[in-house]
Amino acid sequence: MNTGLSLIFMLAPALVVILVLFAGGLALGFSQSLGYMPIIGAYGFNLDAYLQLIKSPGFVPSLLLTIFISVLATLLAVVLAVATALTLRKRFVGKKIVSFLYQFPLTVPHLVVAVGVLLLVSQSGLMARAAFQVGLISDPAQFPILVFDDLGIGVILVYVWKEVPFIGLIALAVLQSMGNDYEEQARTLGANSWQTFRHVLLPLIIPGILPGSIIIFAYVFSSFEVPFLLGKSYPAMLSVLSYRLYTDVDLDARPQAMAMSILIAVFVLILVLFYRRLSQRILRRSG
Amino acid sequence: MSSVALHQLSHSYAGSTYPAVKDIDFTIEKGELVSLLGPSGCGKTTTLKLIAGLLRPTSGEIYFDADRVTDVKPERREAVMVFQNYLLFPYMSIEENVGFGLRMRRLNKQVIAQRVQEILAVMKLEKLKGRKPAQLSGGQQQRAALARALVLQPKVLLLDEPLSNLDAHLRDEMRELILSIQRSLGVTTIFVTHDQEEAVLLADRIALMFDGKIQQVGESKIFYERPASRRIASFFGNNNSISGFKENRRVTCSIGEFLVESDAAAGPVTVVIRPESILFGDHGVNSFNALVKRQIYMGTHNRYRIDVDGAEWEVIASADSGADLEGKRVSFSLPPEKIWVIPERGQ
Amino acid sequence: MIDLRRFPSWDRREVKGCPACFRVIHVAVIVAIVVGVLLPVIPLLVWSFSHSWFFPEILPMELSGRAWTYIGSPLSKVANALINSLIIGAVVTASAAVLGIPAGRALGLNRFRGKTLVEFLILAPIIVPGLAVIMGIHVLFIRLGLVDTLFGVVLVHLLPSLPYMIMVMSGVFANYNVEFEQQAYSLGAGRIRTFVHVTLPAILPGIVTGSLFVFLISWSQYILTVLIGGGRVITLPVLLFAFAAAGDNAVTTALCIVFLAPAILILLFTSRYLSGESGAMGGFGRL
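Chains as they are written, first to last, in our numbering: chain H, 1 to 287; chain X, 1 to 347; chain C, 1 to 287.
Hints are supplied without guarantee of correctness; some may be wrong.
[Said to hold, decoys possible] Some chain C residues near chain H, calculated using beta-carbon distances under 7 Å:
(1) Ser52
(2) Phe55
(3) Leu59
(4) Pro60
(5) Ala103
(6) Pro129
(7) Met135
(8) Ile223
(9) Ala261
[To be verified] These stretches of chain H come out as covered by chain X in the derived footprint (C-beta under 8 Å, 3 or more residues):
(10) 72-80
(11) 173-184
Source of the hints: derived by calculation from the structure; they are not laboratory data.
We treat Cβ as the ideally placed atom computed from N, Cα and C, and that holds for glycine.
In isolation and in its complexed conformation, chain H is listed as follows:
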């Protein structure tokens, strides 16, 4: 236990760094989105940038695509993470190697994964070649379009590959901290394997992986590199639009870029709150 003063000493350095960078950055970004840019002689405070953005034809498809990709990627990652964590918790031959392989994607930068996925599932990629060799297709064009596609499948693949071990390791930590006892208790009370998973393990794991899944949801929603490399240019994810506007030679696009970033932040916050509500309700029902 610590006194108030020592608490402040311990927390202050980290908080100052975060507050100055985060709050400062956010405030400046927000003021620019309102059209306040002294550098180019703009001193207005208005919602023009927001209105222009929302009215632009690409906005709604981009928003929908962004929501689709981030929801699906998070969902898949969570499901696969729980499934793999339940398996990895048991003893089996070669567990050390498999565990190491499982952690491996954590260390791989998103950019590298994007390149790997591109060379694997594009129409001239390794999988298409394999499909050709076994006679499934006779022409690259017959292979399904998985990158630069309408649904962002390639983008989703990258994020799922990357984030499964993140959630999975958290789930493993939760499972290990609770041991086998709850499961055994459920079994002797008459629950079969599936019921034990559904009514005991899952409700115990979910609160533990909820924060982690929110983190990856927010990340997928707003990150830029992967959809920039593997996504279609229209509709593109919101982050790509924002980046394009920001790097536009026309400085007038800046407020729109800022407005887009602020909107992304607002959407993320709304969706995160909604997600928390939803998962808590599911949790209550599963009891």
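Fit chains X and C to the given chain H structure using the hints.
Chains X and C only, in chain H's frame:
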């Protein structure tokens, strides 16, 4: 309820070289309350989990009545285990916890509600049914865990250290509760404990385990009066033992020679005598001398530590005699009919 | 005495299960982990040594060390970028540890008024997209003269990474018993000795896990580096992004492998801390 028969039951944990439980042959009668007693690591909880079906035996069989249940999964075995730390599901209310097993069996909702209501009333948990486990005291949690098991009307009730997590004053109450439930339901009950006093107070019969094996089975009395080994005597708090050699009715040992009434065969033996059976003074037979190292006043009696050829023996005598014997050499006698002789072979 | 004799018996129903299913699923999941993790890595390895490799060949027609020679040459700036990335990563990791360990301790061990607010502030940079903040920070850094400098890049890398360090450390300290330290003091150990011999061994798994996350976030950071570094501070991701966009597969994949190698090395040493026994990953579940 059913009888439980364990036949040549063994279990080794994966990666372990020696078995946690070895060749257990033991039958628990219908409606009996039996304690598996032993120090930690002796295999008693493993045995309980084997009966519950949570572990699969490496070899051997388990029968409930005439039915072989060795391969029956835990959820179908109807042997319900109550864990040491209660393991009430933290996200469910007490009512939901108690109804868990019935819901898993997909019974009619009204039937479930009614059953849960009944058992909650019996266990005096009605007022707490809406609470979460974390809002309950240890004793209340234990009652809820028992209710959750009993509502299923199991063939066998398995309790793992049911009293060890409770405060001393709650322990008596819970012991009475378990006893009265067991008596009125007549459910076959096996409980695991490391505390010999608990086993004595609660069990019809005790099975004492060391090193994965059942060492001795019987009513509590025989563990005090006729322990099967020096180690068992010591586990029940009696360290008054000495090795010797028996011929006819005579045992020779390092402190001398004495008479016994045992019919044990001639050969090397261990001799055990209870602290309250030793008499101070020369009573004509089996008399020896010893130094009293310590005298402790216990209210109703005195407890003495005496030095018997390097080993420390305990003597319990009435406090009336009054004299302070500490540091003095005294004579003491071992009544032949009170001496318990254990043949050394076979151990 | 409680009388349970009036407690009548009822019919028992049984629930069906599938004994073999779970074993099959178990093996299938392990195989899926191994295959799934390795699949996108394979094309990286093969491509980096290929000279010409056209559809539908499953293996390169001609092998070559061209990409590797190019990467090794000063012309490619890879050595420079590698050094920059390592320096930035190391400084960011050390700074995050110095700032994050005390903050994590304060949060993990204490309850105080406003704790939820502090936790929210610390989490905010992870939940609120970097893009929304970075554009504002860019403006701020231009004024402060931090743009295009290594220091500026280090500062901005702290924003997404410091929260991870604090989260992991607060999780570790939540399971930490301060009385061990008090015991050490009462046995005559000074502050420094107590920290080295008592505190440090207990929290080491957390420090290793947190540092791994921080380093990896900095190591794979693209957008923050590019905006603040302004093309002057060249790191591996910046270089890789340029090559990936240009489409030279052999050089891109060779660079990917260079990009991967240090992270794998680090994982070799830190893997055991991640597998859950130490509970260091549990910090993500406690927020």
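Taking the hints in turn, this is what the structure says about them:
Taking 7 Å as the C-beta cut-off, the interface hint given for serine 52(C) is violated, the closest approach to chain H being about 13 Å. Because the closest C-beta pair between phenylalanine 55(C) and chain H is about 4 Å apart, less than 7 Å, the hint holds. For leucine 59(C), the suggested interface contact is broken, since its CB lies about 9 Å from the closest CB of chain H, more than 7 Å. Checking proline 60(C) against chain H: minimum C-beta separation of about 11 Å lies over 7 Å; hint violated.
Nearest Cβ of chain H to the Cβ of alanine 103(C): about 4 Å, under the 7 Å cut. The hint holds. Interface restraint check for proline 129(C): the shortest CB-CB distance to chain H comes to about 3 Å, inside 7 Å, so the restraint holds. Below 7 Å, beta-carbon pairs count as interface contacts, and methionine 135(C) has one with chain H at about 5 Å; its hint therefore holds. Taken as an interface hint, isoleucine 223(C) checks out: its beta carbon lies about 5 Å from the nearest beta carbon of chain H, inside 7 Å.
The beta carbon of alanine 261(C) is not positioned within 7 Å of any beta carbon in chain H (closest approach about 10 Å), and the interface hint is therefore violated. Against chain X, the stretch 72-80 of chain H contributes 0 residues with a C-beta closer than 8 Å to a partner C-beta. That does not satisfy the three-residue criterion, and the hint is violated. By the rule of at least three residues with a Cβ nearer than 8 Å to a Cβ of chain X, the coverage given for the stretch 173-184 of chain H holds, with 3 such residues.
The structure shown violates the earlier hints numbered 1, 3, 4, 9, 10.
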